[in-house]
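Those protein sequence lines, which keep their order, are chains A and B. The numbers in the working numbering rise by one with no breaks, and the one at position 409 of the first sequence is 656. The numbers in the working numbering rise by one with no breaks, and the one at position 360 of the second sequence is 607.
FYI, nobody ran anything at the bench for these hints, they're computed from the structure. Incorrect hints may have been included.
Copies of one chain are not kept apart here, so a pair can be met inside one copy or by any two copies together.
Said to hold, decoys possible - Calculated lysine to aspartate or glutamate pairs in the EDC-like style (CA-CA distance at most 20 Å, straight line):
no.	residue 1	residue 2
1	K281	E375
2	K618	D340
3	K419	E658
4	K611	E658
5	K611	E341
6	K532	E608
7	K419	D655
8	K493	E385
9	K603	E615
In this text the structure is predicted, and so the values were computed from the model without any measurement.
2 protein chains.
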Amino acid sequence: MMIKTSPSDISKRYVGQQIDVYGLVLHVRDLGRKKFIIITDGKSILQIVYSGSEKVRRGDTIRASGIIKEDPRAPTGLEMVANNITFLSKSIDERFDQWSLRNMNKDKKIKYRALLLRLLEFYKVFEEYANVTQYLREYYRNLGFLEIFTPKVVRMGTESGSEVFSILYFDKDAYLAQSPQLYKQMLMASGIKGVYEVGSYFRAEVSFTPRHLTEFRGFDVEVNYIEDYSEIMKILEDSVKYVLSKLELSYPKEFPVISFKDAKQVLQEKYDIRLKDDLSTEAEKALGDYAKKEYDSDLLFIVEFPYDSRPFYTMRKEEDPKYTYSFDLLYKGLEIASGSKREYRYEILIKQIKEKGINPERMKWYLEVFKYGIPPHGGFGLGIDRFVRQLLELQDIREVVLFPRDPDTLEP
Amino acid sequence: MMIKTSPSDISKRYVGQQIDVYGLVLHVRDLGRKKFIIITDGKSILQIVYSGSEKVRRGDTIRASGIIKEDPRAPTGLEMVANNITFLSKSIDERFDQWSLRNMNKDKKIKYRALLLRLLEFYKVFEEYANVTQYLREYYRNLGFLEIFTPKVVRMGTESGSEVFSILYFDKDAYLAQSPQLYKQMLMASGIKGVYEVGSYFRAEVSFTPRHLTEFRGFDVEVNYIEDYSEIMKILEDSVKYVLSKLELSYPKEFPVISFKDAKQVLQEKYDIRLKDDLSTEAEKALGDYAKKEYDSDLLFIVEFPYDSRPFYTMRKEEDPKYTYSFDLLYKGLEIASGSKREYRYEILIKQIKEKGINPERMKWYLEVFKYGIPPHGGFGLGIDRFVRQLLELQDIREVVLFPRDPDTLEP
Numbered sequence: 248m249m250i251k252t253s254p255s256d257i258s259k260r261y262v263g264q265q266i267d268v269y270g271l272v273l274h275v276r277d278l279g280r281k282k283f284i285i286i287t288d289g290k291s292i293l294q295i296v297y298s299g300s301e302k303v304r305r306g307d308t309i310r311a312s313g314i315i316k317e318d319p320r321a322p323t324g325l326e327m328v329a330n331n332i333t334f335l336s337k338s339i340d341e342r343f344d345q346w347s348l349r350n351m352n353k354d355k356k357i358k359y360r361a362l363l364l365r366l367l368e369f370y371k372v373f374e375e376y377a378n379v380t381q382y383l384r385e386y387y388r389n390l391g392f393l394e395i396f397t398p399k400v401v402r403m404g405t406e407s408g409s410e411v412f413s414i415l416y417f418d419k420d421a422y423l424a425q426s427p428q429l430y431k432q433m434l435m436a437s438g439i440k441g442v443y444e445v446g447s448y449f450r451a452e453v454s455f456t457p458r459h460l461t462e463f464r465g466f467d468v469e470v471n472y473i474e475d476y477s478e479i480m481k482i483l484e485d486s487v488k489y490v491l492s493k494l495e496l497s498y499p500k501e502f503p504v505i506s507f508k509d510a511k512q513v514l515q516e517k518y519d520i521r522l523k524d525d526l527s528t529e530a531e532k533a534l535g536d537y538a539k540k541e542y543d544s545d546l547l548f549i550v551e552f553p554y555d556s557r558p559f560y561t562m563r564k565e566e567d568p569k570y571t572y573s574f575d576l577l578y579k580g581l582e583i584a585s586g587s588k589r590e591y592r593y594e595i596l597i598k599q600i601k602e603k604g605i606n607p608e609r610m611k612w613y614l615e616v617f618k619y620g621i622p623p624h625g626g627f628g629l630g631i632d633r634f635v636r637q638l639l640e641l642q643d644i645r646e647v648v649l650f651p652r653d654p655d656t657l658e659p
Numbered sequence: 248m249m250i251k252t253s254p255s256d257i258s259k260r261y262v263g264q265q266i267d268v269y270g271l272v273l274h275v276r277d278l279g280r281k282k283f284i285i286i287t288d289g290k291s292i293l294q295i296v297y298s299g300s301e302k303v304r305r306g307d308t309i310r311a312s313g314i315i316k317e318d319p320r321a322p323t324g325l326e327m328v329a330n331n332i333t334f335l336s337k338s339i340d341e342r343f344d345q346w347s348l349r350n351m352n353k354d355k356k357i358k359y360r361a362l363l364l365r366l367l368e369f370y371k372v373f374e375e376y377a378n379v380t381q382y383l384r385e386y387y388r389n390l391g392f393l394e395i396f397t398p399k400v401v402r403m404g405t406e407s408g409s410e411v412f413s414i415l416y417f418d419k420d421a422y423l424a425q426s427p428q429l430y431k432q433m434l435m436a437s438g439i440k441g442v443y444e445v446g447s448y449f450r451a452e453v454s455f456t457p458r459h460l461t462e463f464r465g466f467d468v469e470v471n472y473i474e475d476y477s478e479i480m481k482i483l484e485d486s487v488k489y490v491l492s493k494l495e496l497s498y499p500k501e502f503p504v505i506s507f508k509d510a511k512q513v514l515q516e517k518y519d520i521r522l523k524d525d526l527s528t529e530a531e532k533a534l535g536d537y538a539k540k541e542y543d544s545d546l547l548f549i550v551e552f553p554y555d556s557r558p559f560y561t562m563r564k565e566e567d568p569k570y571t572y573s574f575d576l577l578y579k580g581l582e583i584a585s586g587s588k589r590e591y592r593y594e595i596l597i598k599q600i601k602e603k604g605i606n607p608e609r610m611k612w613y614l615e616v617f618k619y620g621i622p623p624h625g626g627f628g629l630g631i632d633r634f635v636r637q638l639l640e641l642q643d644i645r646e647v648v649l650f651p652r653d654p655d656t657l658e659p
């Protein structure tokens, strides 16, 4: 075992033992004869009590050798009384001693993300992000779904009207993928039960909102043998419940469901908001409020969106083709997932592609597999960044992404 | 539970039960009075015996209702005697009945990947790929490392001399990331134990070899508090052993290690290959042969590469600065991972950046955190595609990637 002991490894079972512990110095209180040094590994801190004369500064990396003791005055109830400290590296900028990491402005918080992670409360955000992602993977892996990795460099521009980034790809036109949609659908032609993917996706829109990034991370799922779109909602609902229960958070027994038509009426009557074919930010917020008041639920499904606001691969309602077998999932008044039953019938799919103004010739590579038999299927994309933002009730999506990207932010 | 029962769910515990099973039809043998229908969900197949008169064709999706029976003549030892079959969707192209999926040529194998996955042996490749990725994640998560997600759209072009793809990013110059190297290093300034990332990376080289793609998937790790580079090799070695043991494959007790200098001599003496500062494909193959003969090992570490062939962030050997604290891991004669101890000392790092002909001004966003204290660290990048290719002894890296990308291949 070559991983070195650091603050998060220290527990009561070490009490009385002479060990080495590694960490980055977060804080030093120098009382002359004695120093109280707080070291961190992001996850945890440890107080080191040391009587040596070496100058220890914030940002230094040390290996401390000593005995672990219980002390109720120490921040974690445990501390090391060190008989020796070795410097593995030294901070070279004195200014840092004066900085307040907590009170940085927004821009600095992005620029110095790595330094910020020295504070447990910031580390926790990214740890939660990693946990949520892993729980989602776990859930779908346990269902027997295949984890897939689809290309991020693609031949076709947009599939749903969003703006995409162009790439100089040798002598060809190429784009950055806005989702794995077409790929995960194609794979349904294998007869497989379902697939999931965690990936980075891209949208080239000049928006500066607390919920949009130009590069975001999606958790995408596609499920085969779907007879009704409510089956997909149930799978999404169960996986979200799984994550919330892993995080020891409560959730409604059943996520309430409201149709787009009814939502429109509620919004008009109760919130004086008039909708056209899609939800606005304002409408999502109002519906979040409505779900809380009406159902005591942070989660709300909106179903059967108008076809005009959904992409070509969405299946239309048989009895009312102006509407679709589709849904959004709102969490605390923000859309975090969007999905539908897909149109899998070759001829109708071609028709819908044309209706949306796309030339089917350019999509042959996608359409081809629909001819050789494909089960009825459906799925969704869940925005991991948004999900975590809502989970932690943070103000801005940039707070949950290590190195966010927006039209102005390309560094670090 | 909304996930429908399909062939891979059927086990002996269903014998005697009346159930519904869903699947895609892979093969039909029609004996007039009786049909033997093989359905698949990728992972498994199931034989359905049916006496109804409906025409069933390859590519159809069916729900079969009936009783599960044991029958040693059935391919899996179990079959369903169906009393009813419902069509969920129909294949519309008759040609498919005549196709041989197994005997497709290379191009068709990429074009019709989704159809190919109907065959268990092809599905198994991608299942193994997903498993390897998950085992690696599992290993590093259990060590307490943080899973990170770094941007794929970056400000800086190349960090190691590889060609990169340009993106039209609003009014800015941007590129596709060739690795998460600089990001995972920056995060070490948090004092964190270690990080890992599974991501897509990009190289814009016009090469058509069985081991290069323009978009590949890497498993990247960075570890803090490293005093000697052999510590990183040990961590990599242990994680590779973990994966191999999960797959019930054998591995050497210790991976043999040879220095670049010694490898050079071995290659010259035993294989008549002359090296300059780096390994060639031919040299890797020869060293794979050497490791097998000399140590009975499929795995071999080459260490201490010349500085001239390594990127600026590699730490040089103290006593012999022409060489570095670096390593490659070869698996069956192919480099699958590359790593090093990193130069973490601000002034020396700047010096090395200049030596490699890069303007440090352009890297301020990366260099900044090195001033405020950063532990000595090191890490590696492992090519997942290459690892799985070697694991399964496949000829071409395109065989382990669902939708491969090379200078000519941008579809599907």
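Evaluation of the provided hints:
In this assembly of identical chains, K281 and E375 lie within 20 Å of each other by CA distance neither inside one copy nor across copies; the values are 37 Å within and 56 Å between. Taking identical chains as interchangeable, the C-alpha atoms of K618 and D340 lie at most 20 Å apart only when they sit on different chains, with a minimum of 5 Å there against 65 Å within one chain. For a Cα distance limit of 20 Å, the shortest separation of K419 from E658 across copies, 11 Å, qualifies, whereas the shortest one inside one copy, 28 Å, does not. For a Cα distance limit of 20 Å, the shortest separation of K611 from E658 across copies, 10 Å, qualifies, whereas the shortest one inside one copy, 38 Å, does not.
Taking the closest pair of Cα atoms, K611 and E341 come within 20 Å of each other only across two copies (18 Å); inside a single copy the shortest separation is 61 Å, beyond that limit. For the identical chains of this complex, K532 and E608 are neighbours neither inside a copy (40 Å) nor across copies (44 Å), given an alpha-carbon limit of 20 Å. Taking identical chains as interchangeable, the C-alpha atoms of K419 and D655 lie at most 20 Å apart only when they sit on different chains, with a minimum of 9 Å there against 27 Å within one chain. In the homo-oligomer, the alpha carbons of K493 and E385 lie at most 20 Å apart both inside one protomer (11 Å) and across protomers (17 Å), since each shortest distance falls under that limit.
For the homomeric pair K603 and E615, the shortest alpha-carbon distance inside one copy (19 Å) is at most 20 Å, but the shortest distance between copies (48 Å) is not.
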